[in-house]
Amino acid sequence: MSLPVPLRKRSALPGFGVTAGITLAYLGLIVLFPLSVLIARASALGPVGILRVAMEPRVLAALQTTFGISLAAAVIDLFFGGLVAWALTRYRFPGRGILDAIVDLPFALPTAVAGIALASLYAPNGWLGRPLAAAGFKVAFTKWGILVALIFVGLPFVVRTVQPLITEIEREIEEASATLGATRRQTLWRVLLPPLAPALLTGLALAFARGVGEYGSVIFIAGNLAYVSEIAPLLIVIRLEEYDYTGATAIAAIMLAISFLMLLVINLIQSWGGRRFGHV
Amino acid sequence: MSDLALSSNAGRPAASVVDESPLLRLAIIAVAVAFLGLFLLVPLVVVFVEAFAHGLGGYLQTFFDSDVLAAIRLTLLVAAIVVPLNTAFGLCAAWWIAKFDFRGKDLVVTLIDLPFSVSPVVSGLIFVLVFGAQGVLGPWVTARGLHIIFAVPGIVLATLFVTFPFVAREVIPLMQSQGRAEEEAALTLGASGLKAFFTVTLPNIRWALAYGVLLCNARAMGEFGAVSVVSGHIRGLTNTIPLQVEILYNEYSIASAFALATLLALLALVTLGAKSLLEWRTRQSDNRGLPDVAPE
Amino acid sequence: MWLPSEAASLSAPFPQEHAEAVVAPSAPQCIEIVGISKAFGGHAILKNVSLSIEPGELVALLGPSGSGKTTLLRIIAGLETPDEGTLRFGGDDAIGLSVQDRRAGFVFQSYALFRHMTVFDNIAYGLTVRPRRSRPGRREIAKRVNDLLDMMQLPGLGGRYPTQLSGGQRQRVALARALAIEPRVLLLDEPFGALDAKVRKDLRQWLREIHDRTALTTVFVTHDQSEAMELADRVAILNEGRIEQLATASEIRARPATAFIREFLS
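Residue numbers (the numbering used here), protein chains in the order written: chain D, 1 to 280; chain H, 1001 to 1296; chain L, 2001 to 2266.
What the hints contain is simulated information worked out from the structure, not anything from laboratory work.
Just so it is clear, CB atoms sit at the ideal spot from N, CA and C, and this is done for glycine as well.
Partial chain D-side listing against chain L, Cβ under 7 Å, derived:
#1 173
#2 176
#3 178
#4 180
#5 186
#6 191
#7 195
#8 277
Throw the hints in and build the complete structure from the sequences for me.
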């Protein structure tokens, strides 16, 4: 026979009611109510209505652009971010401290500032745009511009997720692998990398999720040509300006659903990693 | 433990025989530095270089424009409203979550984190759906002659949403790890709950709180997507600094756009510096508490 | 070459088995250490240490913290390179060999098991990383691993993960993993350091039995003098980077060579 689990334990500290009330009220008012309105409107449209909007050629193109390039940027961030995390954690070299702090720049820098900086940089007469143009690459106002911007915003997600795990790698594990006859490459591949897999995947998912929703960093460098280099968030804004609430809601609902899906995926990765590797 | 003088200095021990070859190490460092330099450092530098394209005079000239000044004022106003509100909320939520046990705690924390997962444009859209002309409360708003969307209140609401979790996220984990013992001790000594909070809790979390406030403020001042949706871009009235930067850039006043952007870039650098400082402090206090481990 | 061991009897905690000795591919090898010195950051950890270990001998490196015993062990393994001196296994120079090529089985104090691999994969690891030419087939690997699991009295635990094992079990898996590669010598760093007193006593006896069966030249590091005296054929007492005495336990007790040893033993 078990005692009923109390909803909360009696605590000596005061203020439970007050703080609970304020927190929930504020949370409900600012976050839950507005989000629920979106969800309600989207539900009113129903999956059929949303799909109809999603299938419009322009919307489809925007969604493809957004998801496709976000994924590509996240994968690039995964590779280079992994290298960066490794170098920053395991090696000592001049400027390491500053570079480590700079990794957070995309977190800290407002998106509009990043946006105009990247646009200027890669414009045909920009510092990087000019040499690239001479080599035959056009970056600004094309899909490549979007890729560059999303690589920028996604990088810290990979690096910061992986770094703590690299720090925790026990030296003796590597030594054990070596005493058993493994080459450095075998050690990296079979002993060091697998426990990092959950963190790497989490970083990938986070970078992807961020890239999908990104607006300010992208619209200056993107070109924003319908069907070609238009991202989904921009299309939402355009629909709103046309007072097409329905269209905007539908696209937003899709993006929200993807965001929540990514949250779920990340949680699953974390719990899988926890079970499989003993810790994440 | 092995009897190497490994942990005598902080950080990674000297290269061991089992590490990758020096050549490979150099290559990885080169790639990492080049990547970071190219993708992160150069854009930052561009902001400042372009801002001074017309010299110091041109830079300062930017700030004499009335629209620019209005943008700065509006940004400061929004921050002045949003940051205290979200800070108060963050502390309130942290007290509730850290000092009490109750079911559903995980859910509450997840809900608080929700704005992080929502795209900025969607964050603005939801307020249009509530207060816009065709919104849920649209008729109610117009009936009373209120202006929320395409006016300052809308900007404040959208900014409240996107900066919602910042203070809470910094403070909650810390308060949870600090436990309740000190506050309970204060109570036994006769302090009221509020007094315990101000004299015991706050000092314990002051650095994390300061950093959370800094992050909240930086985001409040720098938010672009959400504010862009709700603002209406009315010159001199509903443009924050990021929006004004966009206007200047699109009008080809490039140097002015970057000049205005330097304000936000400097804020970002201050934020990064504060983070390093906070981490350094945390490392110090962590190390002070550890017992000495004798080398073998 | 592996000879089959009979099934372990489970009636007693560490029963005497009829198992055949595990034979290393060549006869047990002697370890010759001559004039080894090592300094870290200007501080001398080992000062001109010389030591000769007979084939098949079980030698303890005993000493207080900072005496250099673990550094010496790691140098034998190849995890550290000495500043001066020579090291030979069975007459062959070992210093020139990398860690990977040296085939010195090493059991770490913290076991250093690969947490993301099963017990089976941990033990099989040293065999699976061999280049294709010298790698045994899957069935042969499985047989060796299972033989070792039996020998370590861990039958059927091949599918478990290290986090699911007790400290004593993990230690035995670490030992099995080191033995799987048919090492030339076996090195143990504070093998019982992380275990509680009762388990330590049981495992001491058991380690002696394993040594007798494998007939490997074995060196282990400890700061526990009763452990060293009870287990080892000979004990090398180190202090501040020098070997103060190298002799059997009874001889050390009867005739301690220096005042330090007298004090250390009391």
